[in-house]
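Going down the list, the protein sequences come from chains F and E. If you're matching positions, the first sequence starts at 1 in full-length UniProt numbering and goes up one per residue. If you're matching positions, the second sequence starts at 1 in full-length UniProt numbering and goes up one per residue.
Hint data in this document are derived by calculation from the structure and do not stem from the laboratory. This one's a predicted model, so the numbers in the text were calculated from it and none came from an experiment. Misleading hints may appear alongside valid ones.
[Stated by the list, open to error] The list that follows gives simulated cross-link-like pairs (lysine to any residue, SDA-like), each with its CA atoms no further than 20 angstroms apart:
{"no.": "1", "chain 1": "F", "residue 1": "K634", "chain 2": "E", "residue 2": "W132"}
{"no.": "2", "chain 1": "F", "residue 1": "K634", "chain 2": "E", "residue 2": "S59"}
{"no.": "3", "chain 1": "F", "residue 1": "K634", "chain 2": "E", "residue 2": "P126"}
[Said to hold, decoys possible] Pulled from the structure, derived: some chain F residues nowhere near chain E, Cβ distances all over 10 angstroms:
{"no.": "4", "residue": "T12"}
{"no.": "5", "residue": "D199"}
{"no.": "6", "residue": "I439"}
{"no.": "7", "residue": "P465"}
{"no.": "8", "residue": "H636"}
{"no.": "9", "residue": "T646"}
{"no.": "10", "residue": "I647"}
{"no.": "11", "residue": "G651"}
[Stated by the list, open to error] Which bits of chain F does chain E cover? Going by a derived footprint, with three or more residues having C-beta under 8 angstroms, they are:
{"no.": "12", "region": "218–225"}
{"no.": "13", "region": "440–447"}
No residue lacks a Cβ here, since even glycine has one placed at the ideal position from N, Cα and C.
One-letter residues, chain by chain:
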Amino acid sequence: MSFPDPIAVFRTEAAEVLEQIEAGLLDLNVNLGDKDQVDAVFRGLHTLKGSGAMFGFEALAAFTHHCETAFDRVRKGEVPATRELVTAVLGAKDHMRALVETPTGDHEAASEALLATLRRAVEGSGDGSSAPPAATTSHTPAAVASAASAPKQILYKIRFSLPQNAMANGTNPLPLLDELVDLGECRIVADRSAIPSLDQLFPTDLHIAWDVELLTSQPRAAIEDVFIFVMDEMQLQIDEIEIAAPVAAAVATVASAVQQPVPVVQQAPPPARAASPAPTDAKQAKAAENVRVPAEKLDELMDRVGELVIAQSRLSQLAGSSGDLQLRAVSEDVERLSGELRDTMMVLRMVPVTQLFGRFRRLVHDLSIETGKAIELVMEGETTEVDKSVIERLADPLVHLVRNSCDHGLETPEERLAAGKPEAGRILLSARQQAGEVIITIKDDGRGINKERVRAKAESSGLIPANASLSDQELYQLIFQPGFSTASQVTNLSGRGVGMDVVKRTIDALRGTINVVSQPGQGSEISLAIPLTLAIIDGLLVRVGTGRYVIPLSAVEECLELSVEDDMRSRGRSFISLRDSLVPFIRLRDLFRTGTKPDPFQKVVVTSTGSERVGLVVDQIIGDHQTVIKSMSKLHHDVATFSGATILGDGDVALILDVGHLVAEGQQQEAHLRAAG
Amino acid sequence: MNEAIRKISAEVWSGRDELEVLTFDIAGEMFALEAFIVQEILDLLPETTVPGAKAFVGSVINFRGKVIPLADIRLAFGMEATKPTIDSRIIVIQLEIDGESMLTGIRTDKVHEVTTLLRSAGEPPPSVGMRWRPDFIDCLVRRGSEFIILPNLQAIFTAQHDHAVSKSSHG
């Protein structure tokens, strides 16, 4: 095992911090008065600056410093948070990401431009605010202490200790103590009880805790502010001992009156501070519970559990066939345990869709600016959990769909007002679990899909014959065809017809389905139904010749017997008539060249791949089978007919059919036969 | 050509004078694989034919809950297929293909022993007088009156030629 590259660790951390900053900014954009978010953003910027400098990302540190300064002023109430500021810092945040990723690149011009925007955002609002620059300086502790000597003095007993590795991490307790001294009359006692004997003393470790008695007129929040950057790791206890006697209540009221001229400074912090300890505690508790594990280790564990489940099913077969009661009892125990283990394992791989949805807030924010449409994004069911690998692959299709909704679905504000709708368009992004699937819905209240235009476009591009009778659903599915776009004008966002087919392909690969509902003038709704996990599917176990195969149940529509007449008609690919429509079928026995005689009563499994229905002729339908999917090795990547393999209860391997590819292969073979014949 | 082969065989030894190998029989020839890539030796297992796959890797087996391909080196060397006997075994090896590590089984007629081969007894494969593709062989090692073949698995497994495959008696 080698140590992780510190730079790589910094990058991972920075990416996380940047995400937090972004989330904070977007929250702030919704509620500009939210002091918690201002603090969160400020803390994030500060962390980034500090660790950036520590790891040699000077450009990043310098740039971030300016943003931090700007936010510091907001935090102190000198300038209000404005949408311009949020947008400017959002832009700056993207730049920081670039600085993290390519620290050596030429970023100076971009930095300058962004800082200019930032300055404008801060100054612009600064001019409007009532707080004159002179007053704003009064926040420095010394100034406040002298200016407000009258307010009531409170004696605080503060006890704090930093984690042992605090100094190694760049925290120095001395400045913290100095800051406390600045707050008021101070008596500091170091608690040295935890210092080990000399032979065990590690010089860079910190073993000292401090007891501080502080007599100050400052609010409790000011003390907490001293520790703002180390709050998460440290232990801090602040007790109000007593109200120092000499200051009378009457004076206090006078004092509060005196305080009036600088209200922005003094009033704002307390509520925010008062509110923040709770989340901080929660965060601390959460941090202690979470363990970071590389995804591949989870996959490895999943494999082991899969093996265990298979071994267990063999054990129970053995136990079942032997009369040994004790063996049976043990086998049943193992069965229960391995079942539970598998369920727990599945849960481990599940992550809430919050991660996925989070990025859409930014996307919609940007799109709203780009398109000039007011867009409100509503998210529901963010706690719904989905397999991690599914989440990763869902990101791109969802981006396409959300972009599409913003760009094509929603009307301009004028059009909306004219149609009697609220000015701001609404996009609902929701997730919910339904049986073994998670349903992700993107719903907008825009103009809806224009069926006539879809039809006209499909006809003109030859996707469907003229005047073909199609159900609404079939018609809507056409928008997922490659190269299909009804937008007459191509915008920066969409309209190139690339994207929707990518969506379709990705969802197909995830074995999901897409459902489209649209009401003209009311908006449209696109639902993606995705299996909860990629690791396990429900399948139909069939036999072809001597081999057993699994057909994903999601692709199966119905099963029926192949009548003798249908069977006799022709070799190769033929048709059966199913409720007045012709369904072509493929004989898997021929396709797989099993060289065996067909069973007397062959079955047809009718599968659907999107719009097309194809029957697969098999010898026997064995039944429903829960399948742990194993991927095929590299050596079999040229075999597209199978999407994977699974291990049956008796230890044999069964291959999982990839219906889409199978149909394509069948068509090729038919073409081949035609050419040969 | 000869130069190239000498270079390949030099890589096998990579400066070492001895190689620890597992020896086994395929179609009457003795082969050897470096012992450290061998994961396990198995009795014959039920195989699942993969329709449409190349005959060289025409089936898959269940190796401890993993689905791994079963390769038939015979086909790469154009040898006759032999009937499975009581001595037939599957050797599971770890291979690095395109920078990705994978497990695969190899069908053998009989597994002998783990032994040490000496570099001094090694010879590059002759460029004439051999019916096998020379790039499929790393080197030959003389032992007593017979030769042990060290196959170049990288070359065999990455060779996407269907020539050897079409000769197969399978399918």
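If I take the minimum Cβ distance from I439(F) to any residue of chain E, is it greater than 10 angstroms? Holds, since 31 angstroms exceeds 10 angstroms.
With a cut-off of 20 angstroms on the C-alpha distance, tell me whether K634(F) and P126(E) pass. With a Cα-Cα distance of about 32 angstroms, the restraint between K634(F) and P126(E) is violated, given a limit of 20 angstroms.
When you look at the beta carbon of P465(F), is every beta carbon of chain E farther off than 10 angstroms? holds, 34 angstroms
A cut-off of 10 angstroms on Cβ-Cβ distance, and D199(F) was said to be off the interface with chain E. Does that hold? Non-interface label stands for D199(F): nearest chain E Cβ at 45 angstroms, farther than 10 angstroms.
Under 8 angstroms between beta-carbons, do enough residues of the region 440–447 of chain F, three at least, approach chain E for the coverage claim to hold? It is violated, with 0 qualifying residues against the three required.
Within a Cα-Cα threshold of 20 angstroms, do K634(F) and S59(E) meet the stated pairing? Measuring from Cα to Cα gives roughly 13 angstroms; hence the hint holds.
10 angstroms cut-off, C-beta based - I647(F) kept clear of every residue in chain E: violated, 5 angstroms
Proximity test - 8 angstroms, beta-carbon atoms, the region 218–225 of chain F to chain E, at least three hits: violated (count 0)
When you look at the beta carbon of T12(F), is every beta carbon of chain E farther off than 10 angstroms? Given that every Cβ of chain E is farther than 10 angstroms from that of T12(F), nearest at about 24 angstroms, it holds.
Would the hint linking K634(F) and W132(E) be met if the CA-CA limit is 20 angstroms? violated, 25 angstroms
According to the definition I'm using, a residue is off the interface if its beta carbon is farther than 10 angstroms from all beta carbons of the partner; does H636(F) meet that for chain E? violated, 6 angstroms
Does G651(F) sit more than 10 angstroms from chain E, CB to CB? Violated, since 6 angstroms does not exceed 10 angstroms.
Violated hints, in rising order: 1, 3, 8, 9, 10, 11, 12, 13; the structure is consistent with all others.
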